[in-house]
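J.: Chain residues, written in single-letter form:
Protein chains: 2
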Amino acid sequence: MFTAFRDHIEKNFPQLLSKPGIVACSGGVDSVVLAHLCTQTGMQISLAHCNFRLRGSDSEEDELFVKKLAEQLDIPQFITHFDTNEYAAAHKLSIQMAARELRYQWFAELMDKEELSWVLTAHHLDDSLETFLINLSRGTGIEGLSGIPPDSNGIIRPLLAFSRAEILQYAREQGIKWREDSSNEETKYLRNKIRHELVPVLKELHPTFLENFRKTQVFLSESAQILSDYTAQLKENLFVPYHQGYKISISSLQELDPLRGYLYELFKEYGFHSWNVMEALLTAMSGKEIHSKTHRLI
Amino acid sequence: MFTAFRDHIEKNFPQLLSKPGIVACSGGVDSVVLAHLCTQTGMQISLAHCNFRLRGSDSEEDELFVKKLAEQLDIPQFITHFDTNEYAAAHKLSIQMAARELRYQWFAELMDKEELSWVLTAHHLDDSLETFLINLSRGTGIEGLSGIPPDSNGIIRPLLAFSRAEILQYAREQGIKWREDSSNEETKYLRNKIRHELVPVLKELHPTFLENFRKTQVFLSESAQILSDYTAQLKENLFVPYHQGYKISISSLQELDPLRGYLYELFKEYGFHSWNVMEALLTAMSGKEIHSKTHRLI
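Top to bottom, those sequences are chains W and X. Just add 10 to wherever you are in the first sequence, counting from 1, and you've got the working numbering. Just add 10 to wherever you are in the second sequence, counting from 1, and you've got the working numbering.
Any given hint could be a false lead.
If you want the ones that stay clear, here's a sample from chain W, every Cβ over 12 angstroms from chain X, calculated [stated by the list, open to error]: (1) E71; (2) Y97; (3) A99; (4) H101; (5) A118; (6) R182; (7) S261; (8) S262; (9) T304.
Restricting the straight-line Cα-Cα distance to at most 20 angstroms, the calculated cross-link-like pairs of lysine to aspartate or glutamate (EDC-like) are [as the list claims (entries may be wrong)]: (10) X:K203 - X:E214; (11) X:K213 - W:E214; (12) W:K245 - W:E265; (13) W:K245 - X:D267; (14) W:K203 - X:E214; (15) X:K303 - X:D267; (16) W:K278 - W:E265; (17) W:K78 - W:E190; (18) X:K21 - W:D267; (19) W:K245 - X:D239; (20) W:K225 - X:E153; (21) W:K203 - X:E207; (22) W:K225 - W:E214; (23) W:K225 - W:D267; (24) W:K225 - X:D267.
Read the hints as simulated data drawn from the structure, not as lab findings. Backbone N, C-alpha and C fix where the C-beta goes; we use that ideal spot for every residue, glycine too.
Isolated chain W, as found in the complex (with noise of 0.2 angstroms):
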């Protein structure tokens, strides 16, 4: 694995190789996989770990464990603590909620803090299926069933294009030592329930299932992004700027056919789904606004 995972950087994110990073590690053998890979491919990692407080002594020890790991590495640490249940309680979000939001703001200020210029996760191909299947089972688009991004931002998942099975077994061979996670069983439902009851069924439908998937997602982010390109030279031609927002003739909204699914592409970035939008188009002679979070349409 070491030999693919060098030329999957080499390939796809040569940025890694000639400046400084975070590797966000949180004991789990998938990020205490991802780091010592770096290290052996030369990479100047730091490890960043953040503690929720949501587990006990487990989640200390979790800590202890990625203070070790960075010495045993020889690299430096940066491990931080949140109060995750009062972030959410004080801004009405769930405990996985708040801690994303939490984990996500602190690397951006560690990473313009220490001059840091990347931030990598563990995310692997597992993970990206078990997220489509859930986005799949809510009901979603193109988007949803695009997977875990490889590159949003700055936060690189180099794991994306290896299995759960190929991380396990190299941490094996390399007597790599890791934590397991104590809420896995407890408050991951339904990804438990996508591991060990779905994805058994659908590596049956086909010999090399998971690598199929993994074609699958790379084809939907090239056709997702096509559609993102085609709307925004759509909306240089539609929306006219005009005091501090744009002016959109309705009637050439109008001619545009999937209709819904236009509007969709083209209003989805200010808060309004196509519903929204739909109504607004019909009460355009009311003089009706139709709100998002952010912006309004009137």
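Given chain W's structure and the hints, the job is docking chain X onto it.
T.: Coordinates of chain X only, in the frame set by chain W:
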């Protein structure tokens, strides 16, 4: 279900109410329910049944059943016989693909000869989910995940908005009789695995999984439609008519990003997968020709 069916037709396929057409009827519960719903809605239908002669006396009994159904509903019937095995051997097709070709060729001839305007097939939402999962297991792009199209060149599938459970329930409530498909358990390994092992777990992931999947299919079809419109526009700029073909500037192609995604969209209708086109671009200087089944790039 009758009311929902009638509303669905009036809203989405009003053309079915003004002209006569065909209902493809195997004798299975889906197509028999479809025939009943159509006559109740007042649509002017004939039944069309293909006897593929693949299942001995079962095939003959299916044919007899459809004849009686047409008499009972007091509508015209068209029945044809195929030597499917011979056709498959002669055209080097799988039995399933051969049956499919024979069926759709015959429908086209029948529509032409009898001056009928449409064919209905009884594919439903669960069929669409199974197709989605089969394509997913093989690796696919947005079209492969857009499911069975509700309307493809006059072949219309009005039951795609309904689930297998709804259709069965309607048949039982109305005392409708049907023939069990004896090929089901033998030849359709993949579909049966999906139906009995995969879909039940998916449905446990979300209380309205199937309805959410229906929305996903609509979103994906709309995105695919927009992509296809955009590709058509791009082609008008990039493909310059020249002799019997087109002249395409390689340097304009090479500016497209993501290149492979664009090449796939631009060349798929000519039977080229983007890898062929990539090869052609890279070897363009050498004068090498790249062939698809129907076209060549020189």
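J.: Please go over all the hints and tell whether each is borne out by the structure.
T.: Hint check results:
1. E71: Fine: 32 angstroms to the nearest Cβ keeps E71 of chain W off the interface.
2. Y97: Non-interface label stands for Y97 of chain W: nearest chain X Cβ at 28 angstroms, farther than 12 angstroms.
3. A99: holds, 27 angstroms
4. H101: With a cut-off of 12 angstroms, H101 of chain W remains clear of chain X, as the shortest Cβ separation is near 26 angstroms.
5. A118: Given a closest Cβ separation of 27 angstroms, the condition holds.
6. R182: holds, 28 angstroms
7. S261: holds, 19 angstroms
8. S262: Nearest chain X Cβ is 15 angstroms from S262 of chain W, so the label holds.
9. T304: holds, 22 angstroms
10. X:K203 - X:E214: Within the cut-off at roughly 17 angstroms; holds.
11. X:K213 - W:E214: holds, 19 angstroms
12. W:K245 - W:E265: holds, 14 angstroms
13. W:K245 - X:D267: Cα-Cα ~19 angstroms, so holds.
14. W:K203 - X:E214: With Cα atoms ~9 angstroms apart, K203 of chain W and E214 of chain X stay inside 20 angstroms; holds.
15. X:K303 - X:D267: violated, 27 angstroms
16. W:K278 - W:E265: Holds - the C-alpha atoms of E265 of chain W and K278 of chain W are around 19 angstroms apart, at most 20 angstroms.
17. W:K78 - W:E190: Since the Cα atoms of K78 of chain W and E190 of chain W sit roughly 16 angstroms apart, the hinted pair holds (cutoff 20 angstroms).
18. X:K21 - W:D267: Holds - the C-alpha atoms of D267 of chain W and K21 of chain X are around 17 angstroms apart, at most 20 angstroms.
19. W:K245 - X:D239: Holds, at roughly 16 angstroms.
20. W:K225 - X:E153: Holds - the C-alpha atoms of E153 of chain X and K225 of chain W are around 14 angstroms apart, at most 20 angstroms.
21. W:K203 - X:E207: With a Cα-Cα distance of about 13 angstroms, the restraint between K203 of chain W and E207 of chain X holds, given a limit of 20 angstroms.
22. W:K225 - W:E214: Measuring from Cα to Cα gives roughly 18 angstroms; hence the hint holds.
23. W:K225 - W:D267: violated, 29 angstroms
24. W:K225 - X:D267: holds, 18 angstroms
Checked against the numbered hints above, the structure breaks hints 15 and 23 and satisfies the rest.
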